[in-house]
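Line by line, the protein sequences are chains A, B, C, D, E and F.
Numbering-wise, our numbering puts 84 at position 84 of the first sequence, and it's gapless, one number per residue.
Numbering-wise, our numbering puts 56 at position 56 of the second sequence, and it's gapless, one number per residue.
Numbering-wise, our numbering puts 100 at position 100 of the third sequence, and it's gapless, one number per residue.
Numbering-wise, our numbering puts 260 at position 260 of the fourth sequence, and it's gapless, one number per residue.
Numbering-wise, our numbering puts 68 at position 68 of the fifth sequence, and it's gapless, one number per residue.
Numbering-wise, our numbering puts 293 at position 293 of the sixth sequence, and it's gapless, one number per residue.
To be clear, the hints were calculated from the coordinates, so they are not data collected in a lab.
Check the hints yourself; a few may be wrong.
To be verified - The list that follows gives simulated cross-link-like pairs (lysine-lysine, BS3-like), each with its CA atoms no further than 30 Å apart: (1) F:Lys317 - D:Lys289; (2) D:Lys317 - F:Lys75; (3) B:Lys26 - E:Lys289; (4) B:Lys119 - A:Lys239; (5) C:Lys289 - B:Lys119; (6) F:Lys26 - A:Lys320; (7) E:Lys73 - A:Lys289; (8) A:Lys119 - A:Lys26; (9) F:Lys26 - C:Lys26; (10) C:Lys75 - A:Lys26.
For reference, the chains in residue letters:
There are 6 protein chains.
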Amino acid sequence: MTMTRRYVQDLQDGETIEEVFLLVDKQLRANRNADLYLLATMRDKTGIINGLMWNVSEESMAQISAGDHVQIKGKVQLYQGSLQVIVTRITKVASDNLDPEDFQPTSSQNVSELLEQLKSRLLGIDDPQLRSLMECFLIDEDLMDSFSRAPAGVKAHHAYQGGLLEHVVRLMEMAWRIGDLYPEVDTNLLLAGVFLHDLGKVREMAFEGAFTYTDEGQLIGHLVIGVEMINEKVAEVEKLTNEPFPVETALRLKHLVLSHHGQYDYGSPKLPMTPEAIALHHLDNFDAKVHEFARSIEDDPNTDSHWTPFSPRLDRKLFKGAN
Amino acid sequence: MTMTRRYVQDLQDGETIEEVFLLVDKQLRANRNADLYLLATMRDKTGIINGLMWNVSEESMAQISAGDHVQIKGKVQLYQGSLQVIVTRITKVASDNLDPEDFQPTSSQNVSELLEQLKSRLLGIDDPQLRSLMECFLIDEDLMDSFSRAPAGVKAHHAYQGGLLEHVVRLMEMAWRIGDLYPEVDTNLLLAGVFLHDLGKVREMAFEGAFTYTDEGQLIGHLVIGVEMINEKVAEVEKLTNEPFPVETALRLKHLVLSHHGQYDYGSPKLPMTPEAIALHHLDNFDAKVHEFARSIEDDPNTDSHWTPFSPRLDRKLFKGAN
Amino acid sequence: MTMTRRYVQDLQDGETIEEVFLLVDKQLRANRNADLYLLATMRDKTGIINGLMWNVSEESMAQISAGDHVQIKGKVQLYQGSLQVIVTRITKVASDNLDPEDFQPTSSQNVSELLEQLKSRLLGIDDPQLRSLMECFLIDEDLMDSFSRAPAGVKAHHAYQGGLLEHVVRLMEMAWRIGDLYPEVDTNLLLAGVFLHDLGKVREMAFEGAFTYTDEGQLIGHLVIGVEMINEKVAEVEKLTNEPFPVETALRLKHLVLSHHGQYDYGSPKLPMTPEAIALHHLDNFDAKVHEFARSIEDDPNTDSHWTPFSPRLDRKLFKGAN
Amino acid sequence: MTMTRRYVQDLQDGETIEEVFLLVDKQLRANRNADLYLLATMRDKTGIINGLMWNVSEESMAQISAGDHVQIKGKVQLYQGSLQVIVTRITKVASDNLDPEDFQPTSSQNVSELLEQLKSRLLGIDDPQLRSLMECFLIDEDLMDSFSRAPAGVKAHHAYQGGLLEHVVRLMEMAWRIGDLYPEVDTNLLLAGVFLHDLGKVREMAFEGAFTYTDEGQLIGHLVIGVEMINEKVAEVEKLTNEPFPVETALRLKHLVLSHHGQYDYGSPKLPMTPEAIALHHLDNFDAKVHEFARSIEDDPNTDSHWTPFSPRLDRKLFKGAN
Amino acid sequence: MTMTRRYVQDLQDGETIEEVFLLVDKQLRANRNADLYLLATMRDKTGIINGLMWNVSEESMAQISAGDHVQIKGKVQLYQGSLQVIVTRITKVASDNLDPEDFQPTSSQNVSELLEQLKSRLLGIDDPQLRSLMECFLIDEDLMDSFSRAPAGVKAHHAYQGGLLEHVVRLMEMAWRIGDLYPEVDTNLLLAGVFLHDLGKVREMAFEGAFTYTDEGQLIGHLVIGVEMINEKVAEVEKLTNEPFPVETALRLKHLVLSHHGQYDYGSPKLPMTPEAIALHHLDNFDAKVHEFARSIEDDPNTDSHWTPFSPRLDRKLFKGAN
Amino acid sequence: MTMTRRYVQDLQDGETIEEVFLLVDKQLRANRNADLYLLATMRDKTGIINGLMWNVSEESMAQISAGDHVQIKGKVQLYQGSLQVIVTRITKVASDNLDPEDFQPTSSQNVSELLEQLKSRLLGIDDPQLRSLMECFLIDEDLMDSFSRAPAGVKAHHAYQGGLLEHVVRLMEMAWRIGDLYPEVDTNLLLAGVFLHDLGKVREMAFEGAFTYTDEGQLIGHLVIGVEMINEKVAEVEKLTNEPFPVETALRLKHLVLSHHGQYDYGSPKLPMTPEAIALHHLDNFDAKVHEFARSIEDDPNTDSHWTPFSPRLDRKLFKGAN
């Protein structure tokens with residue numbers, strides 16, 4: 001093993017590498033000549049990279065499984081805009097001497113600080129019943145633990161543990177700062193809605209190994225799961241406080257969650273019909289789009305052009321600048 | 001009061017009328033000259049009709065309220081394809097001597113027979129856990145009572161108590177009869193899905209007086225309300241049977257409800273992703289469209305043309321035939 | 001030749017094979033190095049499979065042609081979700097000793113039984129003039145022969161002779177069974193429409209060898225061809241019966257055919273404007289979609305996931321179940 | 001009766017009028033007070049105008065019928081951008097002393113000259129079989145008579161007898177003049193396609209009295225009717241010439257007709273797939289749109305603004321100019 | 001004249017009124033009986049209201065013109081959700097004794113304070129060339145004067161002088177406050193873009209009397225006009241500073257203006273392709289939508305329902321709350 | 001070097017070649033085995049072709065650069081419908097003895113003749129101010145030189161110098177010939193609009209080496225650049241003539257340019273709102289579509305089928321004919 005770890009994010013086109021990674025996924029595939037090759041998805045805390053190993057046999061590859069730590073030897077290359085490793089040797093290694101932190105992708109920001117910021121904003125809500133409901137969520141340790149480790153989405157490249165928390169805290173901060181510019185929006189409700197809008201992703205995605213959708217996630221979706229979670233916590237807060245939670249507030253919260261995608265086309269079963277709901281939708285949209293633009297520009301490995309490659313998802317190229 | 005009741009469905013353009021109706025809605029409006037007129041929505045068990053009374057005062061109209069039985073005198077006329085009454089006198093009458101059955105719009109079919117047919121199909125489900133869940137719904141008397149009285153929709157003209165039940169039983173019959181033609185569809189699940197798909201309408205609509213949407217109905221919608229109802233009954237059946245209800249079956253039922261509108265555009269947050277879900281969507285669609293075509297042709301009061309008037313909703317005229 | 005025939009539907013990933021197939025299509029292609037390879041489409045009565053043979057010459061391949069029976073030797077492999085054969089030898093064999101039935105893809109159901117079912121439903125129509133028209137179609141042996149052998153579509157995988165007949169008979173059965181639930185739909189017309197709606201496919205597709213579109217099919221389409229066929233048979237029935245066929249019935253039948261795709265987008269030049277037309281459209285849609293869902297789930301060779309791969313055509317994954 | 005006829009096109013807002021018109025349509029309607037009024041659609045050769053007569057009785061109006069010539073007295077007024085007449089007296093007059101030409105709306109151009117121009121272009125086609133087919137249409141006197149009197153569409157305002165002929169001849173002239181700029185387009189086929197593309201309108205519309213759609217027109221449409229007409233004439237020309245008409249030419253002609261709306265959305269069951277078909281579609285579109293723009297600007301009675309009123313059909317206002 | 005002015009915003013359904021307003025527009029129209037009535041659009045600094053006066057003559061109305069101050073007597077009434085006045089007398093009054101401030105609709109906020117805030121943000125830009133360009137705009141007194149008086153749009157109801165300035169300053173404040181949350185967005189460029197994005201409205205609209213579009217506004221639009229204004233000021237700043245303005249900065253500014261509607265559908269000829277452009281689009285959208293929701297809820301005069309009337313523009317009702 | 005030059009347009013599948021081309025673009029790429037290969041884009045005056053050279057090293061390829069003339073040796077092959085060269089040797093050659101004309105792609109028509117035709121049409125405009133403006137463009141030699149060399153678009157295959165000029169002259173000829181058929185269209189304005197509509201492409205594209213979009217082209221687009229060019233020339237003509245250019249004419253010209261794509265979707269910020277604008281849009285569309293159809297049919301190298309391959313861009317196959 002190398003003395004100084006070579007992280008995924010630092011790999012360069014053309015370098016040879018010998019390093020340990022966590023094997024996230026392992027597939028044997030046949031090429032057109034019916035020869036087998038290995039497609040290995042590997043990661044460390046800084047990112048995910050694919051490895052290809054030609055002409056392998058099922059027997060030789062039987063010794064490694066997804067979830068193992070593996071030491072690989074190979075050559076890094078740029079292929080269709082992404083780096084990959086052409087692997088010449090792959091072996092399982094014992095996990096005992098490895099630092100688990102090296103292989104956990106995490107938010108670039110400090111999770112506990114972000115959590116504190118979140119709690120402080122939610123506990124600053126001055127509607128006592130709404131604040132009590134928020135507390136019911138915050139004291140659910142399993143939930144908050146999952147929430148802190150959830151990625152913002154399942155797409156391999158930019159999915160990292162803590163990504164959802166980062167997104168939510170940034171939205172909450174924005175909502176807080178501009179509150180006085182929009183007195184017609186109830187900031188209490190908006191802050192609660194920011195917290196709840198994507199909470200269902202905790203059950204929509206499995207994010208222990210590779211990030212994937214759960215069956216529940218695909219059949220029901222995080223919007224409706226979010227409503228189920230609100231129902232559970234409303235029942236809890238009513239037990240705790242021994243008084244009914246206001247029906248209209250509960251409806252408004254569920255509506256915030258169900259409508260936050262803003263359009264039927266994007267899977268919202270209801271259009272936003274309150275000022276808070278339309279505000280939440282547009283804040284969420286602003287953050288997602290600005291983030292995606294900035295990331296696409298930063299991540300473009302190509303330095304010859306003023307423009308990123310055409311992105312089918314965004315339906316455009318982005319301007320990186322001429323200077 | 002007339003000896004033989006003159007029902008809404010029998011009224012003719014041009015006739016003078018003196019009859020008692022249930023006042024469903026009462027509005028005072030100003031015309032362009034700032035004179036007030038009354039717009040009264042009235043019904044009996046056979047239908048709904050609007051009444052207009054010119055040059056009224058707020059005081060004189062203060063004596064009648066929505067929910068009252070009123071005796072009106074006036075002249076029936078055809079206006080833009082619908083009948084209405086030009087009212088010359090309107091007075092409140094006591095409800096004591098009136099037969100409530102005369103004013104309840106109901107299904108043209110016998111409700112208790114339809115309910116029996118529904119129960120028999122659901123109790124014929126041979127998956128014991130799914131059947132137990134169905135029983136939990138069927139023994140909830142308040143729910144089944146509401147379900148039996150719910151209209152299929154809120155639109156005034158074709159909304160009648162029992163309309164939802166009729167629709168559901170017709171779908172269930174169809175699903176039952178064609179089951180063997182589609183062995184790849186699980187008939188048990190499909191029958192349960194037919195029963196549950198619109199059940200949330202019981203809370204989406206208020207159908208005691210006039211039919212309107214509830215706040216919950218507009219903010220959350222009958223699809224998500226349906227999921228909440230499944231969650232409640234699954235908890236009940238688990239208590240009753242003292243064993244867990246199968247997670248996958250519950251997910252499949254919720255998915256049936258959430259996806260039955262078939263497209264994001266129509267407010268489904270999920271596309272149908274199981275054979276039962278796509279079957280339910282298309283059966284529902286078939287029934288709704290064939291029913292609407294037939295009704296539009298039957299209800300067209302105009303006998304001069306082979307064609308109905310252009311329907312903006314259907315985006316077409318319908319052919320009534322040349323013979 | 002092997003003693004027991006190895007059918008396409010029974011082939012397994014990884015097996016070596018030596019068997020005779022019907023060569024449906026033969027293409028020589030150059031790879032990036034300008035070397036030629038053979039892409040052979042082969043079939044027997046159970047299905048279609050592609051074969052690839054590397055580094056061939058035009059000369060060596062000149063001895064085989066589409067339509068020949070060929071004996072191939074090779075290895076079966078799974079490639080991007082479909083099985084294919086890497087061929088190492090291919091030779092033409094005489095057809096004399098082969099059983100033609102082994103190479104004719106046919107409906108899984110008995111064609112003559114299906115034809116009987118079809119006839120019996122059409123001859124049960126109680127409008128005498130409409131029934132006479134149906135008879136004119138049924139006694140046209142060439143037409144009925146083509147109709148019995150037509151696939152439901154040209155897509156290689158699920159196209160088999162008799163597929164169209166299966167689809168039509170299933171629709172007819174469904175229309176028949178639910179007739180009494182929809183008294184407002186004229187069952188006579190609907191049954192005739194079910195028979196006629198895709199009849200133009202007999203000229204739209206060439207289905208003797210591989211299934212392809214004819215020039216007429218692409219330039220005119222099976223909807224308008226269907227109208228032309230109605231015109232021809234109406235002329236015949238008028239000659240036979242020596243009385244005019246009712247104009248309105250002919251118009252209604254043509255309208256059923258022209259509108260059965262239900263929307264302009266799907267190539268219908270007219271929207272359905274009669275109860276029978278809307279019913280036909282939705283029955284056709286129900287059958288097509290339920291069939292496609294069921295087939296996509298059955299045909300998925302991948303057993304690791306609860307989900308099929310994403311289908312661009314359906315714009316979704318399908319749930320195969322967790323059990 | 002006035003000495004000098006006062007034509008529809010010359011009427012002015014505010015003038016009083018006493019003149020004879022052809023009664024195209026007569027409707028009795030009830031206003032909100034259940035009083036009857038007459039809505040009369042009247043025309044002369046220069047245009048169509050509506051008349052309203054208040055407080056009439058069914059009896060008094062029984063003496064006039066659509067198709068009669070009527071003398072009316074009333075006042076012209078501008079109402080929502082169109083002129084109408086408030087009628088104070090209406091009586092039937094004998095047709096004997098009237099000049100039928102005064103009441104026939106016709107093309108502003110000479111019909112027989114246009115017909116000559118059409119014939120000369122079609123007989124100039126140098127493919128003998130195609131020219132023979134064109135002759136079969138041209139010698140069908142009933143057909144050519146209807147064709148010469150057909151309007152370009154049914155919309156009351158700009159529908160006039162001869163409108164279709166004008167449109168077709170203008171297109172043919174354009175196709176002829178630019179032929180050498182596009183050598184890749186077969187001018188023979190294009191000229192034939194120009195002639196045939198809207199020919200089905202002869203049966204799609206009834207244009208003897210008011211212009212309306214026929215049942216056949218609404219259920220089948222002029223595109224498919226056009227194909228039926230081609231089939232009939234191809235059979236005729238084969239009989240006449242005693243040789244088969246070329247199959248491909250017939251397919252290309254039918255394709256020209258079926259695809260000329262250019263998109264599925266506009267009711268074409270096939271997209272244009274030949275150079276002639278795409279050319280015909282765009283020529284037709286050019287003529288229709290330029291004509292509609294010019295007409296909307298000319299016909300705008302409002303002189304205060306540089307802009308026409310917003311046209312929902314065009315989804316825009318048009319600029320009439322500041323000078 | 002009343003002692004205390006009765007402002008438009010304080011008028012109540014049913015009150016009688018005698019007050020002076022500025023006549024913004026005057027139209028004489030004919031009703032169905034050909035009688036003339038006056039439709040007068042009147043305003044004071046708090047809003048705009050329509051007045052109707054029945055049975056007027058052209059002569060009697062010739063004494064008043066748009067732009068006059070008029071004293072009217074009449075009765076206020078609610079008609080289809082808006083207040084209007086049924087006028088019984090209208091006379092021109094001299095402007096001498098009137099306070100012009102009473103009739104100027106203005107922003108609810110202090111224009112000069114808003115202007116100061118705008119200037120301070122723009123002069124805080126730390127790119128010297130961009131700041132110089134901003135100064136060129138700020139020292140153009142005519143331009144800044146128009147900009148301060150421009151409404152945000154032409155729709156009568158919410159158009160008031162200063163509306164555009166309010167919108168721009170609110171956006172600028174928001175951009176400023178969240179700048180550090182999005183370090184990947186160049187705040188200098190974004191602030192300049194916020195200032196420039198709607199600047200072309202100064203020429204797109206005429207806002208001296210009633211607010212209308214100019215010919216230039218309709219033919220070219222405020223996006224392209226904005227580009228023309230940037231070109232003019234870039235030429236000025238180059239003359240002033242005697243050095244070329246950076247080409248890329250100018251392109252980025254023009255792109256910000258041209259793409260700020262975010263989609264081709266909304267009239268942007270270019271999609272946002274820089275982080276600043278996507279940020280500007282979404283901020284603009286957020287502000288517009290939240291504002292519209294809040295305003296629709298506030299302005300709804302109907303107090304019986306928890307919901308606003310259906311808004312075709314928003315394609316939904318809005319929830320005002322049950323409390 | 002061969003005696004008779006072998007041009008790109010004459011190359012055949014399978015031939016070996018040794019010829020000199022202009023190297024337009026040079027890319028080194030890694031295949032899946034991390035081996036490098038060269039992708040070379042080469043051209044002569046008749047077309048563009050790609051060359052592939054396997055297993056190269058960065059060092060060996062350092063001797064050639066885009067812009068060089070290179071002699072290559074290799075074998076031509078058809079790959080996925082296009083010809084390419086598998087290169088076995090590539091070397092730089094001196095340009096001294098080469099005829100530059102051999103490597104300049106140019107219009108198939110004579111550029112100077114086309115320019116004369118353009119000038120003659122524009123100088124035939126009889127509105128003196130508009131003609132003066134046209135002269136200002138025509139005397140700008142740099143501009144006209146660029147205009148003459150601009151391709152109609154950047155797509156490699158059909159981009160050739162002079163393509164834009166050809167397109168514009170063909171449109172102008174068409175506009176001229178049909179002028180008298182549409183007297184409601186101002187031919188002067190239309191001719192000027194035809195000339196100006198794509199003029200901005202001169203700055204939108206860089207067409208000296210390979211054809212690419214400029215930054216300005218992508219951020220602003222040729223429509224808005226065209227408006228900027230009109231503004232510049234209007235300023236010039238005002239200086240030259242010492243009188244103001246008519247405001248409305250300038251607006252109409254800018255509107256012609258901005259609206260010529262006809263729909264928001266296609267990047268026009270304004271819909272056509274004058275007869276000339278709608279005419280220009282449809283002429284442009286006609287020419288583009290007919291040209292594309294004809295070219296797709298001509299260029300299809302496959303001779304086995306009556307149909308071109310499916311074109312995703314056109315969303316259809318094209319019929320090449322059965323004969």
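Okay, the hints, checked on the actual structure:
1. F:Lys317 - D:Lys289: Roughly 28 Å between the alpha carbons, so the hint for Lys317 (chain F) and Lys289 (chain D) holds.
2. D:Lys317 - F:Lys75: violated (60 Å)
3. B:Lys26 - E:Lys289: violated (34 Å)
4. B:Lys119 - A:Lys239: violated (36 Å)
5. C:Lys289 - B:Lys119: Given pair Lys289 (chain C), Lys119 (chain B) holds - Cα atoms ~29 Å apart, limit 30 Å.
6. F:Lys26 - A:Lys320: Given pair Lys26 (chain F), Lys320 (chain A) holds - Cα atoms ~22 Å apart, limit 30 Å.
7. E:Lys73 - A:Lys289: violated (55 Å)
8. A:Lys119 - A:Lys26: violated (40 Å)
9. F:Lys26 - C:Lys26: Between Lys26 (chain F) and Lys26 (chain C) the Cα gap is close to 36 Å, so the pair fails against 30 Å, i.e. violated.
10. C:Lys75 - A:Lys26: At roughly 24 Å apart (the allowed maximum being 30 Å), Lys26 (chain A) and Lys75 (chain C) satisfy the hint.
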